[in-house]
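Top to bottom, those sequences are chains A and B.
If you use the working numbering, the first sequence corresponds to residues 1 to 134, in order.
If you use the working numbering, the second sequence corresponds to residues 135 to 451, in order.
Hints were generated in silico from the structure; no laboratory data involved.
Any given hint might turn out to be false.
To be verified - Just the calculated beta-carbon pair ranges, DEER-fashion:
1) A:113 / B:422: 51 to 57 Å
2) B:186 / A:86: 32 to 38 Å
3) B:256 / A:22: 25 to 31 Å
4) A:45 / B:256: 53 to 59 Å
5) B:402 / A:113: 54 to 60 Å
6) A:70 / B:338: 52 to 58 Å
7) A:94 / B:398: 37 to 43 Å
8) A:116 / B:444: 55 to 61 Å
From the three backbone atoms N, C-alpha and C, an ideal C-beta is built for every residue, glycine too.
Here is what each chain is made of, one letter per residue.
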Amino acid sequence: MDKKIRIVIAKPGLDGHDRGAKYIARALKDAGYEVIYTGIRQTPESIVATAIQEDVDFVGLSLLSGAHNELFPRVVNLLKEQEAGEIVVFGGGVIPEEDLGFLEKKGVQAIFRPGAPISDVISFIKSKTGSTAA
Amino acid sequence: MDLVEKIRSGNTRAIAKAISLIENETKEKEELIDNIHPFTGNAFIIGVTGPPGAGKSTIVDRIIQFERNRNKKIAVIAVDPSSPFSGGAILGDRLRMQTHATDRGVFIRSMASRGHLGGISTGTSGAIKVFDAAGFDTIIIETIGVGQTEVEVIEMADLILLTLVPGMGDEIQAMKAGIMEIADLFLVNKSDIDGADRLKSEIEYMLMLGSEQAETLIPPIKLASAKNNTGTEELYTSIFERLNLFKNSGLMANRRKIRIQKEIEHIFASKLKEILYTRLNMKENISFWIERVYNREIRPYNFVKEKMMELKKENVL
């Protein structure tokens, strides 16, 4: 059996707007991925613990509160500290264009802003797994 | 340090990776399971099953808390269905257990059914062994939301907790074969809504009818509201009373032996199939054979018999 790609979709921070996260989770399921959905108000610590226990390949973070510059890099760093730096972190939500360079430098490998088509997310995942199958 | 040692030392990363090796049916799987086998058999294994939306994950969350209050290490395997269309899955059970995410004494692993029927996944039994070898005191298997016949969890667990909710039919539903027969303990959840008491008495009625079991083995029925956290401590106490009863009466050992029997049979069956299919060159030949049976040139039983005779002559069988 081929290895299944597993993805955590999590919402760090304090905003409760989970529609985007649920949309992505659902779309990734339809694309053939196993999505672990953790819900709202997660700390970077709980997201990283989840990612490691679930042995995922990707962590997708959704955030609309404006705390992305703080919380996204924190997730990346915690993963590295726990020797799980190979897990790919990407993000989405209301993120101003001027923050993209900063986040990229901090190790967030892709950011999907409002209006980004789901096919972009799937292409990104495929490009990182080097396979066409889910 | 090798993987088995790391698992035994409780290394989170190693445990998680080991489960993936098993779940993905990798070539390392068999050796891994054999190598951890000597270190298993110590954990209590609880199966939590019931229909979708009955509150299984929420009750598991409560059990985790009670176990942690007693300083027990607990692992949860939460199974959710894979899509029959895309093969993808939304694994959302741990959403209700996330307050325990950073607790080092709690390990939650979500598994997709990956086409396996029966309420669990093919990798579930292997994952149980990994957690057992890693020294977890208690392992909970939360099944997919089940209907009437998905009862395979009984082959994995020392105790089955069947979670039901009011409003799903009359006592005739409760009398039917299948899921209602495998419970060691009934939980009527959402006890704050109408009909909980009635459901409890319907289950009681069903259990009283023609039961020839010893009094102590008749499954208790507990009322609780997992969400409001009422009745949960009593449920928890009851679970462990039952487990100890099963352990002391020898019932647990019997069940575990049946489990081992099934495991051995399963390994034999799959290995034999592998040998047979290789020798028959199944992959290449099957479409040709299908055509012949389809066109009524050959008959299925007779055809297989002849093939088996050929293998016998070649001393494969």
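Comparing the hints with the structure gives:
no., hint, result
1, A:113 / B:422: 51 to 57 Å, "holds (55 Å)"
2, B:186 / A:86: 32 to 38 Å, "holds (35 Å)"
3, B:256 / A:22: 25 to 31 Å, "holds (28 Å)"
4, A:45 / B:256: 53 to 59 Å, "violated (32 Å)"
5, B:402 / A:113: 54 to 60 Å, "holds (55 Å)"
6, A:70 / B:338: 52 to 58 Å, "holds (56 Å)"
7, A:94 / B:398: 37 to 43 Å, "violated (57 Å)"
8, A:116 / B:444: 55 to 61 Å, "holds (60 Å)"
Of the hints listed earlier, those the structure fails to meet are numbers 4 and 7, in rising order.
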